[in-house]
Amino acid sequence: MTAVPDDRFFTADHEWVRDPEGPKARVGVTEFAAQALGDVVFLSLPAVGDDVAAGAECGEIESTKSVSPLFAPVSGEVVAVNQAVLDAPELVNADPFGEGWLFEVAPTAIGDLLDAAAYAPLTEQAAG
Amino acid sequence: MPSEPLLSPLDQAHRAAGARFTDFGGWRLPLRFASELAEHHAVRGAAGLFDLSHMAQLEVAGPQAGDGLDYALLAEHSQMPIGRAAYSMALSEDGGVIDDLIVYRLGEERFFIIANAANRAAVVEALTDRLTGFRAVLTDLTADRALIAVQGPASARIALAAGFAVAAELGYYRAVETVWRGWPVVVARTGYTGEDGFEIACPRAAAEVAWQALLAAGGPLGLVPCGLAARDTLRLEAGMPLHGHELDRQTTPFEGGQGAFARPKKVDFVGKSALAARPVAKRLVGLAGQGRQAARAGYAVAIDGERRGRVTSGALSPTLGHPIALAFIEGPAPAVGTAVEIDIRGRPARYEVTKLPFYRKETP
Chain A
150 MTAVPDDRFF TADHEWVRDP EGPKARVGVT EFAAQALGDV VFLSLPAVGD
200 DVAAGAECGE IESTKSVSPL FAPVSGEVVA VNQAVLDAPE LVNADPFGEG
250 WLFEVAPTAI GDLLDAAAYA PLTEQAAG
Chain B
16 MPSEPLLSPL DQAHRAAGAR FTDFGGWRLP LRFASELAEH HAVRGAAGLF
66 DLSHMAQLEV AGPQAGDGLD YALLAEHSQM PIGRAAYSMA LSEDGGVIDD
116 LIVYRLGEER FFIIANAANR AAVVEALTDR LTGFRAVLTD LTADRALIAV
166 QGPASARIAL AAGFAVAAEL GYYRAVETVW RGWPVVVART GYTGEDGFEI
216 ACPRAAAEVA WQALLAAGGP LGLVPCGLAA RDTLRLEAGM PLHGHELDRQ
266 TTPFEGGQGA FARPKKVDFV GKSALAARPV AKRLVGLAGQ GRQAARAGYA
316 VAIDGERRGR VTSGALSPTL GHPIALAFIE GPAPAVGTAV EIDIRGRPAR
366 YEVTKLPFYR KETP
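Respectively, the protein sequence lines represent chains A and B. Numbering of the first sequence is given in the numbering used here, commencing with residue 150 and proceeding in unit increments. Numbering of the second sequence is given in the numbering used here, commencing with residue 16 and proceeding in unit increments.
Careful: at least some of the hints might be erroneous.
[As the list claims (entries may be wrong)] List time: in silico DSS-like cross-link candidates among lysine-lysine, alpha-carbon distance up to 25 Å: (1) B:Lys-287 / A:Lys-214; (2) B:Lys-280 / B:Lys-297; (3) B:Lys-297 / B:Lys-370; (4) A:Lys-214 / B:Lys-376; (5) B:Lys-297 / B:Lys-287.
Worth flagging that the hints you see were computed from the coordinates, not collected in a lab.
From just these sequences and the hints, can you work out the full model?
Here it is in structure tokens:
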């Protein structure tokens with residue numbers, strides 16, 4: 150079991166988004182995702198000014214063993230990218246809901262989002 | 016492949032320790048216990064403990080066991096001194112690699128073999144077939160045994176502290192049968208990490224007590240339990256092949272970079288004539304990149320704009336801090352320093368041919 154904070158929303162692909170209606174929707178991956186990936190060693194993120202589309206691939210997250218696509222939980226223009234996590238991808242493992250955030254979007258539309266109660270069951274399988 | 020994975024005798028202990036599991040070769044095994052990078056660094060700096068109970072443990076015994084293995088496998092087993100280990104392979108008739116394995120001579124008429132879990136059935140079938148006509152009997156011990164490896168510079172001190180007295184004088188690539196706390200065990204100074212270390216084969220019923228004894232003895236020296244993720248990055252840094260990646264039935268030992276082990280043997284063996292006749296179509300090379308993005312198995316490799324091969328294994332090297340990869344290159348071998356381009360999901364990345372192994376431990 151991993152933590153699921155109730156101050157934000159989630160995708161079925163294990164991203165989280167805080168303040169999805171803006172003006173700055175902050176995006177990251179969940180603790181469940183971070184644990185499933187293993188040690189994150191490289192991130193490929195959209196750049197400031199890029200447009201991302203809800204549900205579409207917008208980057209990649211690489212661990213020692215795998216590469217996983219990153220999906221945007223909302224549509225809009227990227228207004229900030231977390232330079233700290235680009236420099237130290239291990240922040241995704243150490244603090245996925247805090248210092249390990251990935252980027253911020255000025256949202257124009259939101260995708261299929263789940264609240265904490267709806268998302269939590271998705272983290273209960275494959276606990277081992 | 017069975018739908019229900021086989022379980023190590025240490026499965027309960029791993030679950031209690033919070034391991035994350037993966038299916039490997041038909042077995043459920045720890046992928047990592049906490050952080051695979053921390054596990055990797057522990058093995059380079061101190062020691063790590065690995066559960067390898069999935070690996071096939073076979074015995075070949077009888078007056079013609081050595082001669083039978085000479086015919087069945089690549090290396091010259093009849094000439095091995097007792098107590099010696101040898102890297103070897105089971106080849107197919109056409110010279111491809113059914114499996115790579117380690118053969119230990121435990122007695123004049125007794126050999127112990129550790130083979131890959133995924134190839135256990137194929138190796139048993141090949142040996143059964145090839146030993147016909149020799150006075151030698153094959154026994155598959157896997158189901159009754161466990162295999163535990165302690166790897167890293169602190170391994171000898173840890174094995175001694177856990178009561179494996181033979182660890183003090185056992186040389187590299189040597190093995191000995193001994194008794195530990197009343198259990199018959201085989202202790203071998205072999206491994207798959209590029210570090211000093213031991214592999215300990217014991218009865219299945221002794222697995223948990225041996226695992227806990229090594230953990231207790233090694234904890235103060237920096238030993239941590241390690242999963243298969245760390246094992247893979249460790250072996251890759253050490254330039255060691257993994258069957259299914261650098262070796263397979265479409266690849267000869269020479270192509271797989273293991274030609275040094277394929278010294279011509281006078282006696283006949285399965286695959287010999289094919290190996291002599293078959294041209295070397297590809298070569299395994301080491302590649303080093305910049306930045307932090309790893310090339311992965313299957314990615315295309317080009318030299319001077321021409322597609323020349325593919326990556327077989329790749330990772331961001333935890334020890335070196337840059338990406339490393341093994342790759343098959345068709346045609347003439349490129350020289351060390353040759354620039355190559357790897358297609359990383361549509362983006363070209365510049366790598367350079369480098370010497371193998373990527374990492375070599377400091378020799379005292």
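Here is how each hint holds up against the structure:
no., hint, result
1, B:Lys-287 / A:Lys-214, "37 Å, violated"
2, B:Lys-280 / B:Lys-297, "23 Å, holds"
3, B:Lys-297 / B:Lys-370, "17 Å, holds"
4, A:Lys-214 / B:Lys-376, "23 Å, holds"
5, B:Lys-297 / B:Lys-287, "19 Å, holds"
Hint 1 from the earlier list is the only one contradicted by this structure; the remaining hints agree with it.
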